[in-house]
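Protein chains in written order, with the working numbering: chain A, 1 to 429; chain B, 1001 to 1313.
Calculated directly from the structure, the hints in this document are not laboratory data.
Just so it is clear, the structure is predicted and the values come from calculations on it, not from any experiment.
Wrong hints could be hidden among the right ones.
Said to hold, decoys possible - Residues on chain B that point at chain A, a partial pick, calculated with CB under 7 angstroms: (1) Asp1092; (2) Thr1096; (3) Thr1207; (4) Pro1235; (5) Ser1236; (6) Phe1243.
Just so it is clear, CB atoms sit at the ideal spot from N, CA and C, and this is done for glycine as well.
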Amino acid sequence: MTTTVLQNARIVDPSRDLDEIGTVIIVDGRIAAAGAEATNQGVPDGASVINCRDRLVIPGLIDSRVFIGEPGGEHRETIASASRAAAAGGVTSLIMMPDTDPVIDDIALVEFVLKTARDEALVRVHPSAAITKGLAGEEMTEFGLLAGAGAVALTDGRHTLSSSVVLRRALTYARDFNAVIACETQDRDLAGRGVMNEGLLASWLGLPGIPREAEIIPLERDMRLVGLTRGRYHAAKISVSDCADIVARGKDKGLDVTAGISINNLALNENDVGEYRTFFKTSPPLRAEDDRRAMVEALKTGTIDVISSSHDPQDVDTKRLPFADAEPGAIGLETLLAAALRLYHSDEVDLLRLIDALSTRPAKIFGLEGGTVRKGAQADIAIVDLNDPFVVAKDRIVSTSKNTPFEDARFQGRVLQTMVAGRTVFTID
Amino acid sequence: MPFPHRHLLGIKGLNEPDLIHLLDKADEAVKLSRQREKKSSTLRGLTQINLFFEASTRTQSSFELAGKRLGADVMNMAVGNSSVKKGETLIDTAMTLNAMRPDILVVRHSSAGATALLAQKVGCSVINAGDGAHEHPTQALLDALTIRRAKGRIGRLIVAICGDVLHSRVARSNIVLLNLMGARVRVVGPSTLMPSGIEQMGVEVFTSMEEGLKDADVVMMLRLQRERMAGAFVPSVREYFRFYGLDAEKLKRAKDDALVMHPGPMNRGVEIASEIADGPQSVIESQVEMGVAVRMAVMETLLLDGPDREAGR
Chain A
1 MTTTVLQNAR IVDPSRDLDE IGTVIIVDGR IAAAGAEATN QGVPDGASVI NCRDRLVIPG
61 LIDSRVFIGE PGGEHRETIA SASRAAAAGG VTSLIMMPDT DPVIDDIALV EFVLKTARDE
121 ALVRVHPSAA ITKGLAGEEM TEFGLLAGAG AVALTDGRHT LSSSVVLRRA LTYARDFNAV
181 IACETQDRDL AGRGVMNEGL LASWLGLPGI PREAEIIPLE RDMRLVGLTR GRYHAAKISV
241 SDCADIVARG KDKGLDVTAG ISINNLALNE NDVGEYRTFF KTSPPLRAED DRRAMVEALK
301 TGTIDVISSS HDPQDVDTKR LPFADAEPGA IGLETLLAAA LRLYHSDEVD LLRLIDALST
361 RPAKIFGLEG GTVRKGAQAD IAIVDLNDPF VVAKDRIVST SKNTPFEDAR FQGRVLQTMV
421 AGRTVFTID
Chain B
1001 MPFPHRHLLG IKGLNEPDLI HLLDKADEAV KLSRQREKKS STLRGLTQIN LFFEASTRTQ
1061 SSFELAGKRL GADVMNMAVG NSSVKKGETL IDTAMTLNAM RPDILVVRHS SAGATALLAQ
1121 KVGCSVINAG DGAHEHPTQA LLDALTIRRA KGRIGRLIVA ICGDVLHSRV ARSNIVLLNL
1181 MGARVRVVGP STLMPSGIEQ MGVEVFTSME EGLKDADVVM MLRLQRERMA GAFVPSVREY
1241 FRFYGLDAEK LKRAKDDALV MHPGPMNRGV EIASEIADGP QSVIESQVEM GVAVRMAVME
1301 TLLLDGPDRE AGR
């Protein structure tokens, strides 16, 4: 029996609405006790004790939107390297997108991911499966068999389903298996050749813009289809205020709808693109400051349920190009928590809601264990120094690809130690 | 006993005594069909035209045999490969045939409501042999006859209709008939194959076979058309079979003596496992026999007991 005791920790556990100084006792990978009341239980013989004075103990983060290069793009990121980056960022579970080569649209691929993760990954890696075969937007995949094999969500990843009837059937069919359909929305025609947020800045840069409506119109359609089918829908990456309004209306009507946002759209805005900096080319694009503020507000009220890193490794070949030709996407597993804590330090979002959006809510939506430091739960935990300032140094990036928009960014608050099932998978040096 | 209907366009519009009348008569037809001498002269001198706008070997043969056993002159019009291709409308075809003075028209068409439209334009009795996803009344009657002969009754039985309810005329006719006869009707299938408003059609709706088949007296499987298997309504054959195909494991949920039915033609390994289709609980072959009997009963009733009986035909 191995026992670990975390003493004097500030425990922030949104699953119990708890924020108090106390002790966490971990026995054989599970939480035996956590909270102020655990402080008087004493330390068993042979237990290893970690003093967490002035430190935060939170449930490990659950990143619901992570693109990985394996299989097919291992030079950008493997399941193993992504899991190391995750561990460094306090992320103990991640949901992997099906945009691989081959696409995760068959149980054999789900099994491949789970097997590779079991053998090589430091954190829990959950595959999602494509909604349509080959992400082509036409034929449904085998939702029932895929879910049975271990796919935790259905999503066409970067691809928006353009056919309303395909989405209607997918929502209807997924309902029978209680599966979530997660979608990014971007109207292909309206977005056209656009490469950044449409507006004055794009016009001065001479870059084709993506109007906000390219995201709004398909989301509005999707919400109507959710109303029609009563399916479960997760708007995976919204970035403009109108989309938050659409989600809020859906929730008011009692639809089974949730929303997520990429950390990039909370922490950055279109001005960061500066002089054609391709690491700031994302999808959805970084928006104007008004929209960013509106999204922070929507996060605060809970209209936006979860924050994801939208981790999307790209290498030099795809990023060292003229802005319009570069691939969108930014890595983010390692910086997810630090970037989110900016909203705490600026007094915009309180700590409980932030950790809820980074851990407890995604666990609930996708039916994963975790997101809690409740007694009996698996000990997936991050120990965090809330105030420690640091600068993101490129040479310290763990991820195989280095396309972070936060290079040289100053953050306050960093992950000191990460545990998965009580086993330490990351310690800061 | 007089029968108040001139046509049989659907089960909707009939009442319980009508159904009992037809089923009782069909029981007699079964007797006739099991004799060495199978031919009666009930409809001698009358003309039956089978007008099939949609190909069907099984139903058409069944109607043909039924007419012949009753002594009628039977003509088959395979419309699919003749005048319709040359641009003739449904009504034109009907008028042409009507001029040949048939006594009964048996019509199948791929469009819902087409049979009723045709019935308005001709001077004889019309039997709907299937119109689109609307009705297939003789199938529901033969199913009822099969159940009644095997179970002794229909009332209070739990009947689970499983599979592609959305596109099935067999399901619609059966739902109406079984409700009229007092059965408890369930439908079971993926939500993508359920018509909207199904829960208001007098059925209990299940999306899981395990739950839907629980304690069922009758398990009625529906055919899943090939073109609906590959990702449009259901993702694949193997997933459909895994969750909705009738195999021994799922059938265990039903009563031990539950009947297994299928309107044919079957897709073995898609909606039904071969061992079940050929197993002891299967009455699928019996359904075919009852089909001929029911069609004899329907034609005899419409022509001899219907409102046209005095019309001097």
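>> Need the list of violated hint numbers for this structure, in ascending order.
In response: Violated hints: 1 and 2; rest satisfied.
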